[in-house]
Structure formats: C-alpha cells, structure tokens
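Number of protein chains: 4
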Amino acid sequence: MKRRPVVAVIGAGDAPAAVRKLAFEVGREIARKGAVLINGGLAGVMESAAAGARKEDGHTIGIIPGYDRRTANRHVEFAIATGIGEARNVIIVASADAVIALRGEGGTLAEIGFALKFGKPVVALDSWPEIAGLNRAETAADAVAIALRLAAAKSRRRR
Amino acid sequence: MKRRPVVAVIGAGDAPAAVRKLAFEVGREIARKGAVLINGGLAGVMESAAAGARKEDGHTIGIIPGYDRRTANRHVEFAIATGIGEARNVIIVASADAVIALRGEGGTLAEIGFALKFGKPVVALDSWPEIAGLNRAETAADAVAIALRLAAAKSRRRR
Amino acid sequence: MKRRPVVAVIGAGDAPAAVRKLAFEVGREIARKGAVLINGGLAGVMESAAAGARKEDGHTIGIIPGYDRRTANRHVEFAIATGIGEARNVIIVASADAVIALRGEGGTLAEIGFALKFGKPVVALDSWPEIAGLNRAETAADAVAIALRLAAAKSRRRR
Amino acid sequence: MKRRPVVAVIGAGDAPAAVRKLAFEVGREIARKGAVLINGGLAGVMESAAAGARKEDGHTIGIIPGYDRRTANRHVEFAIATGIGEARNVIIVASADAVIALRGEGGTLAEIGFALKFGKPVVALDSWPEIAGLNRAETAADAVAIALRLAAAKSRRRR
Chain A
1 MKRRPVVAVI GAGDAPAAVR KLAFEVGREI ARKGAVLING GLAGVMESAA AGARKEDGHT
61 IGIIPGYDRR TANRHVEFAI ATGIGEARNV IIVASADAVI ALRGEGGTLA EIGFALKFGK
121 PVVALDSWPE IAGLNRAETA ADAVAIALRL AAAKSRRRR
Chain B
1 MKRRPVVAVI GAGDAPAAVR KLAFEVGREI ARKGAVLING GLAGVMESAA AGARKEDGHT
61 IGIIPGYDRR TANRHVEFAI ATGIGEARNV IIVASADAVI ALRGEGGTLA EIGFALKFGK
121 PVVALDSWPE IAGLNRAETA ADAVAIALRL AAAKSRRRR
Chain C
1 MKRRPVVAVI GAGDAPAAVR KLAFEVGREI ARKGAVLING GLAGVMESAA AGARKEDGHT
61 IGIIPGYDRR TANRHVEFAI ATGIGEARNV IIVASADAVI ALRGEGGTLA EIGFALKFGK
121 PVVALDSWPE IAGLNRAETA ADAVAIALRL AAAKSRRRR
Chain D
1 MKRRPVVAVI GAGDAPAAVR KLAFEVGREI ARKGAVLING GLAGVMESAA AGARKEDGHT
61 IGIIPGYDRR TANRHVEFAI ATGIGEARNV IIVASADAVI ALRGEGGTLA EIGFALKFGK
121 PVVALDSWPE IAGLNRAETA ADAVAIALRL AAAKSRRRR
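Protein chains in written order, with the numbering used here: chain A, 1 to 159; chain B, 1 to 159; chain C, 1 to 159; chain D, 1 to 159.
With the rest of the complex left out, here is chain A (with noise of 0.2 Å):
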C-alpha cells in the first residue's frame, strides 16, 4: 500500500479568528490535493485545519497530550492518546512529510525546532519571518502547494 503524504498543521491553541480562518484554508486544501493533515488535535488552528480537511473529506489525525480521546476536537478522524503531554509534538513532526507553520507560541516554536532538526521542510505561512530556514508562503493554498511539492521532492531523494 502507497501511503498519502502526510502533512502536519502547526500553530496557536488559543488563535485569533484571521488565523482560524486562514487553517480552515489550509486544511481544506490538503484534504483536496489527497494528503492526510497530522497535528494535536485540540482548539484554535488545530481545531480549524481539522475541520477544513473534513469538509472535503480528508483523513485527520490528532495526536492528543494526554489519554482522553474525548478532549480531541470533534474534526479528528483518528484520536490518538499519548498521555506524554508537550512531548507529543514530536510525533506530529517525525509523523509529518512536510509542515506548515501558522502564528503560535512556544509549543510551535518548539515543532519548528524539530522538525528543522528533522530536516522536515516548513512552510511559515505569514508566520515566524524571525526564524531563519523556513519556506514562506502567504496564501493557504501556495502553502499547501510549497508543502507538497517539498515532500514529494524529498520523498524522490530517498528512494
């Protein structure tokens, strides 16, 4: 079996309704061009990439911080407990083929960190100019478009 790209949604918990918005774009853009959206499954940009991706029928994976599947947001195809609080955003960086970076706080500063130390290409998307080493992207769907095009290059380069 081939597997869809995966590609992870990052950004605040706590987001301002533009930035809401502009996840709903992205989520819905991945669910159309077929790749599964990967990120933590609880509110703001996490809640709202989800709900893009469902309303076009895409697969969602929220990987939860702890072990009730009940605080996933109702968007999250496939609820996964960690129980290992923060340290679950590493898994949605090593699970991703590529990231697309919303404005957020520390928790996704410290997603940008790993998945540079991963070599995973980010897409900042009107986010984090002071961080060097990151794609930039100023619409949902050129985001999306940068994303996948990374991925599939990156994928090629390891074969």
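Keep in mind that the hints are not guaranteed to be accurate.
You can't tell identical chains apart in this list, so a pair holds if it fits in one copy or across any two.
To be verified - When the alpha-carbon atoms are kept at most 27 Å apart in a straight line, the in silico DSS-like pairs for lysine-lysine are as follows: (1) K33 / K55; (2) K117 / K21; (3) K33 / K2; (4) K55 / K2; (5) K154 / K2; (6) K117 / K55; (7) K117 / K154; (8) K154 / K21; (9) K2 / K21; (10) K21 / K55; (11) K21 / K33; (12) K33 / K154.
Hint data in this document are derived by calculation from the structure and do not stem from the laboratory.
Given the coordinates of chain A, assemble chains B, C and D onto it according to the supplied hints.
Then chains B, C and D, alone, in the frame of chain A:
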C-alpha cells in the same frame, strides 16, 4: 463526528505461523465489524493483524517506535512515527477502546500491564493464562465480539 | 567517572504497611551498598524505598509522571519531571542496572514487562509468583544482594 | 529535604571550541553556586558544561535519548536513559528551574520553545538574538547569576 471503536491487537513481533494466522483472523474480524485496528506497526502479530484488517478495507494505524515510517509494515494505512521507542506501547493501549492479546513476551506483558492500569478491557486469545483479570477467548471471532461488547459497555458508562 | 550501580525499586503506589516496611529496608540496603535508587518518585513503595535510602545518605532519583516536581515525595533528591505520564515507567527500568519488584498492580506489571524486554535482571521480593523468568528473594538484604550481583555480572559481560 | 536549584544548559552537540569553553564556564559556575546541572548528556555544549560542573564537584544529570547509558559523556554523574529520542528535550526543560541557552540549532530551538511554553526563565548567553522573550547575558557568570535569581523569584511566587 462519531468515531469508530478502536481495537488494539498485541503480541509477539516474532510469532510462529499459527499465532500469525490467528492475528490475521482477528484483524479481519475487527474490520468486518467496522472498527479501527491499532498496534505497533512492525512484524509478526502486528503485521498479520493489519493484513487481515486491510483485506476487509478496514483502517489500520501503526504506532512505530522509531522516526522512519518506512519501517512500518505495508498493511499500515496511517503510520505514526513516535521516536519514543518502547514507550510507544503506552500510546497503543491508551488509544484503544479494548485490547486483544495474543502470545507474546515482555513488550506484550508491558502492554497488558498498562491496559490493566488504565482500566481498558483486555481479551486474552489463547494466551496469558497466568495473568489474572483478563477476559478469555478461544477464537478470533469470539475475541473481537467480547472486545467490542466490553468497549461499548464502557463507553455507555462514561456518558 | 565510574558511575555507581543503579537499582530500581518498583511496586504499588498504594501499598499496605508491611510492603512499605519491606520497601524501606530495600532502599536502606541499596544505599548501604553504595548504589543509587531510582523509581517513580511518588507514594507507597516509591516513597518508602527513597526514605530508606536517604536514611543511609544514598542518592535517590524520582522519575515523576507530571511536570511539577513538588509532587515528588520528600525523599527524592533528584526529581526528574517527565510529563510523559505512565510512559515514564520505561525510563525507570531503562536507567537501572537491576530491578527489585515488590507487590503492585498494572503499572508494576508493565515495568516488569519492560525489564524482561530489555534483558534487565529482575528480583521479585515476596511477589509476582505467576510471572516466569524472575529471580526470587524473601528478604530485603537478599533481594539487594542478588540484584547487585546480577548487575555486576551483566556489566562484566558487556565490556 | 529541600532540593537544590536545577539549571539546564542547552546548545549544540557539535559546537566550536569557543562555545564549548563558554559552556564549561557556565557548568563550573553552576556548581560553585551549589546548583545541579541537567542537560542532554551527550557531546559539545552538553559535555563541556558537565565537565565544568564536575570540576567543582557539582552534581550532573544527563537525560540521554537512547537506552544505553554508556553513550552519556563521562562527566555525567546520573545518566537517565529515556529511550524517547528527541522528546527527551522536554524532560530536560521541565526538570529545570531555569535554562541557559548557548548557540545551537533545531534541537536547542525546540528546548527554548518548550521553556517559553512552560514559563521557565531562559537566559540566552551570547546567542538567539532573534527570539523574543529571553533574558540576555554576555558572560557565563552573569548568565548563571540571572538564571538563579529568576529561578528563586519564581520559586517564591509559587509558594
């Protein structure tokens, strides 16, 4: 979205043919009943159970110990790369509504321990007679039926 | 720097007085022999073993499940806040040269499972008769003597 | 037992000599002030900081990514074998009262992200000018003084 029940199938990564055959039947039955299979994503019981579930178009999740999703067996639809080594056993159990245990060794025993700790129903399929507090089944169909019945009963109590 | 041997003492967090007394004696004996005690850092067997070790000025390490080191019992000299919940059991076992198991429940069983998986010597002290492959002791002094002897033998083989 | 303050020193595992020298001075100063050093236990900044702390008979804790404690550098007094890979970065930060960051790459950035998330004081020592919300120091002595002062202030507020 109402999520489907999730069943973990655990057992030896290096299992004899008879145990792998039983795991295949368990996986197939889980998919037939519309449940999702989760396990450690590698060889032996893990691979055979996933093969059985995919044969019936069921969803399969593999929670792998390392960072490289290519180590997941080819019947894993969604490969979660944890990088947390043997600690990923906790995630398998925590993410399931019920656990079906086949013959195994230390890693399987650890998973049974966590299931007891978390109060998850465990069905021992022709295995683990020495451990108290487990439900018992002799056939794959029985094991899945018991697991799903106990999972549903627990889900009702939590509402 | 040559590191001292490290012994994990595992058992119920909610243990009866007789078991706690035995844990205290085990901790005391570990310190007397110049070894370091490691365990989960909370109550019951964990607390009593640490109290015994500190009584003899031994070093004690508590690998706690949460992020707040104030939840470690007061006999823990070095509190490691993992935040990874029950998965911290793996760390306790992996960081020890030998494991002494007292009576316990699911969490203790999981630790025994990991110890068997990792090939760490396990000494069951008046407990776990149903699990094969463990060493047996009836007194605290015997348990510690066996644990340190097996740890030293294993250390020699690895050189 | 009142526990000593714990300071994490983070930075590149593959660091140039000038950065390693700075790390050594930081470790030495931590020990002189009676604090405990914690870090990832491997090479570069981690090894030099531990060497400095041991030079002054300070306690050093290494939270290593794998299962084999022999991979810890020889200045680690207590080697904690997590087996959880890069996720062990969370434990380093969570177990410290303050964090001193030297130059590093993705892994160090992840640790800074977690420190911000957890509200731990971070002192950037001649490094990370691009990240907002960090305290700044130019010398090892200043970095340790600031870290211990902030840790003490936070400890008082929590009582």
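Here is what the structure says about each hint:
no., hint, in the structure
1, K33 / K55, "both (13 Å within a copy, 26 Å between copies)"
2, K117 / K21, "between (29 Å within a copy, 24 Å between copies)"
3, K33 / K2, "both (15 Å within a copy, 24 Å between copies)"
4, K55 / K2, "both (24 Å within a copy, 15 Å between copies)"
5, K154 / K2, "within (16 Å within a copy, 36 Å between copies)"
6, K117 / K55, "neither (33 Å within a copy, 31 Å between copies)"
7, K117 / K154, "within (15 Å within a copy, 31 Å between copies)"
8, K154 / K21, "neither (29 Å within a copy, 37 Å between copies)"
9, K2 / K21, "between (31 Å within a copy, 24 Å between copies)"
10, K21 / K55, "within (13 Å within a copy, 39 Å between copies)"
11, K21 / K33, "within (19 Å within a copy, 37 Å between copies)"
12, K33 / K154, "within (18 Å within a copy, 38 Å between copies)"
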